[in-house]
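Trainee: Take the sequences, apply the hints, and build the full model.
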Amino acid sequence: MLAANRLHGGQSSRDKLERRHAQVAAGLDRQRTEAIEAFERGSYRRAGTSPSPGHAGGDTEAERAVLDARLRELAKRLDETFART
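Position one of the sequence shown corresponds to residue 1033 (our numbering), numbered consecutively onward.
Misleading hints may appear alongside valid ones.
To be verified - Subject to a maximum C-alpha distance of 20 Å in a straight line, what follows is the list of computed DMTMM-like cross-link-like pairs (lysine to aspartate or glutamate):
hint : residue 1 : residue 2
1    : Lys1108   : Glu1069
2    : Lys1048   : Glu1112
3    : Lys1108   : Glu1050
4    : Lys1048   : Asp1111
Stated by the list, open to error - Cβ-Cβ distance ranges computed for the label pairs, FRET-style:
hint : residue 1 : residue 2 : range
5    : Glu1112   : Arg1062   : 20 to 26 Å
6    : Lys1048   : Ala1094   : 35 to 41 Å
7    : Ser1044   : Arg1096   : 37 to 43 Å
8    : Val1098   : Arg1046   : 18 to 24 Å
9    : Ile1068   : Ser1045   : 32 to 38 Å
10   : Glu1105   : Arg1046   : 21 to 27 Å
It is worth saying that the hints were derived from the structure and are not from the lab. For every residue, glycine included, the Cβ atom is placed at its ideal position computed from N, Cα and C.
Mentor: Written out as structure tokens, the structure is:
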């Protein structure tokens, strides 16, 4: 009985961690998208131009690469944290 309770409690904790991990990942994706959109709006505003479909300036691509690298690092840290628990 005690072992069954522990097993159920462990599974419950794991489920909670997995749900939280999914929430954090979704939040990071949303923040990444918002940051890129805000950066692109600012870039176009400073340049006095409007965005053209399929075209992003070199600065925007460089910033996107930096943001992607930072998000990958955060995701790696989250995965390592969840792996330890």
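Trainee: For each hint, tell me whether it holds in the structure or not.
Mentor: Status of the hints after comparison with the structure:
Between Lys1108 and Glu1069, the direct Cα distance comes to roughly 24 Å. Violation of the 20 Å bound is thereby established for this hinted pair. For the suggested pair Lys1048 and Glu1112, the alpha carbons sit about 17 Å apart, so the restraint of at most 20 Å is met. Distance check on the hinted pair: Lys1108 and Glu1050 sit about 15 Å apart at the alpha-carbon level, within 20 Å; holds. Taken as a hint, the Lys1048 and Asp1111 pair is honoured in the structure, with Cα atoms around 15 Å apart against an allowance of 20 Å.
Take Glu1112 and Arg1062: their Cβ atoms lie about 22 Å apart, and the range 20 to 26 Å holds. In this structure the hint that Lys1048 and Ala1094 lie 35 to 41 Å apart at CB holds, the actual value being about 39 Å. Between Ser1044 and Arg1096, the C-beta spacing of about 39 Å keeps the proposed range 37 to 43 Å intact. The beta-carbon spacing between Val1098 and Arg1046, approximately 34 Å, falls outside the hinted interval of 18 to 24 Å.
Look at Ile1068 against Ser1045: about 35 Å separates their beta carbons, and that is inside 32 to 38 Å. For Glu1105 and Arg1046, the hinted distance range of 21 to 27 Å is satisfied, since their beta carbons lie about 25 Å from each other.
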